[in-house]
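Trainee: Sequence:
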Amino acid sequence: MTQAFGTILKAAHDLFIKGLADQTVRNHVILSMLKKKGRIKYGQDGTQMNWKVRYKRHQLETYQDGKVVTFKRIDPYLEATLPWRAYDMNTVVTKQERLATRGKSGIFKLYGQKSKELKTDFSRELSGKFFGDGSDGENFHGAEAIFSGTYTSASKAGTANGTYAGLNQTLGNYGGSSTADPEYDFWTPALVAWNSSAWNASASTFYATCLEAVRYGINRAMRKNATQERIDVVDLNLDMFEQFQNALEAKETIYVTKGNKGLLGALGFTTMYFDGVEVTWEEDVPANTGYGFNFDYIELDCMTDQLIDGYVEYDIDSKGWKIGADLFGNFKFESPQHQFKLYAA
74 MTQAFGTILK AAHDLFIKGL ADQTVRNHVI LSMLKKKGRI KYGQDGTQMN WKVRYKRHQL
134 ETYQDGKVVT FKRIDPYLEA TLPWRAYDMN TVVTKQERLA TRGKSGIFKL YGQKSKELKT
194 DFSRELSGKF FGDGSDGENF HGAEAIFSGT YTSASKAGTA NGTYAGLNQT LGNYGGSSTA
254 DPEYDFWTPA LVAWNSSAWN ASASTFYATC LEAVRYGINR AMRKNATQER IDVVDLNLDM
314 FEQFQNALEA KETIYVTKGN KGLLGALGFT TMYFDGVEVT WEEDVPANTG YGFNFDYIEL
374 DCMTDQLIDG YVEYDIDSKG WKIGADLFGN FKFESPQHQF KLYAA
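The opening residue of the sequence shown carries number 74 in my numbering; numbering runs sequentially from there.
Treat the hints as calculated values from the structure; they're not laboratory data. For clarity, every value in this text was computed on a predicted model and none was experimentally measured. For glycine and all other residues, C-beta sits at the position ideal for the given N, C-alpha and C. Worth double-checking, as some hints may not be accurate.
[Unchecked claim] List of simulated lysine-lysine pairs, DSS-like, C-alpha gap at most 30 Å: (1) Lys168 / Lys91; (2) Lys192 / Lys83; (3) Lys192 / Lys91; (4) Lys83 / Lys168; (5) Lys202 / Lys91.
[Unchecked claim] For each label pair, taking beta carbons as the anchor points, the in silico distance ranges come out as: (6) Ser275 / Lys110: 32 to 42 Å; (7) Asn292 / Ala339: 22 to 32 Å; (8) Asp161 / Lys324: 40 to 50 Å; (9) Tyr150 / Glu386: 35 to 45 Å; (10) Ala227 / Lys395: 49 to 59 Å; (11) Tyr280 / Val142: 55 to 65 Å; (12) Asn292 / Phe144: 34 to 44 Å; (13) Lys324 / Ser208: 37 to 47 Å.
Assemble the whole structure, with the sequences as input and the hints as a guide.
Mentor: Listed below in structure tokens is the structure:
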């Protein structure tokens, strides 16, 4: 009976894991965008995550006929490094529960109850992990990992002073004197104090400053006026999104293109258009906070061959079947300079 139950349970669990991965991606803005842009990578390996970061350009020099050319060898790359992290969620089918469901239909009914709880909770929990900083040594390195800095109420922009993936984010730390020099700000995100007194708005509320602050973040995160470097999504806390909607209401014909669905709109999410960028909200975004993300420079790297792995094991000590789902990997911000954060100073 135990062996037969296990065979049925494993078959049901395989189907559950596939459905769990699909639902988890489909129901959340960040994961949906990563999948849509092909930015979820599977089967990644190595003792840690590492990738090359280009921070210098070869210099274009003048040449005159007959001039002796001096050849220079430069290494334009630095290496960024992050550890692998993992999440697990599980439950147990006890022997008594198994004995109470001897038939196949009873087994699937019992498992259906267990899997429904796992599916709902795993999906909700994983979404929030994208906004953490990973500093506890256990969680994924989410968005907050790249946004360390100080803010003052008298300045529109905060000052980045953190370290991400082993590289310093302070302006000019690797050379250069202005944004014209690639090494000056290649690892520095844009930090935007939306409640600064420096805005033209009449008050320091998000309702009053949001159009200026969001536009400032969009422009500063681009660095160059190139399509690939444009922010894809501005992701706001729900209260801030409602204030943004209200602020745009009088200017809707100017800023919002109805019927022109972007990636998120086409996927069924509630969005608005502003300066060519989709604006939306998620419940996991912290209070008084918003983010601008360019998903061409963000990845979710998974060590397994699918987003979520499942397991079913019989434990003789507890006489129960242990079933669960796990994810091994980490988020990777390949270029923090193309992201921004809205924050209250």
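Trainee: All hints are to be evaluated individually against the structure, with a verdict given for each.
Mentor: Hint-by-hint comparison with the structure:
1. Lys168 / Lys91: holds, 26 Å
2. Lys192 / Lys83: OK: Lys192 and Lys83 at ~16 Å, within 30 Å.
3. Lys192 / Lys91: Roughly 11 Å separates the two Cα atoms, so the pair holds.
4. Lys83 / Lys168: holds, 16 Å
5. Lys202 / Lys91: Holds - the C-alpha atoms of Lys91 and Lys202 are around 20 Å apart, at most 30 Å.
6. Ser275 / Lys110: 32 to 42 Å: Distance hint for Ser275, Lys110 holds at roughly 39 Å.
7. Asn292 / Ala339: 22 to 32 Å: holds, 25 Å
8. Asp161 / Lys324: 40 to 50 Å: The hinted range 40 to 50 Å holds for Asp161 and Lys324, with Cβ atoms some 47 Å apart.
9. Tyr150 / Glu386: 35 to 45 Å: holds, 44 Å
10. Ala227 / Lys395: 49 to 59 Å: With Cβ atoms ~56 Å apart, the hint holds.
11. Tyr280 / Val142: 55 to 65 Å: holds, 59 Å
12. Asn292 / Phe144: 34 to 44 Å: The hint (34 to 44 Å, Cβ to Cβ) holds, given that Asn292 and Phe144 are roughly 38 Å apart.
13. Lys324 / Ser208: 37 to 47 Å: holds, 40 Å
Violated hints: none; the structure is consistent with every hint.
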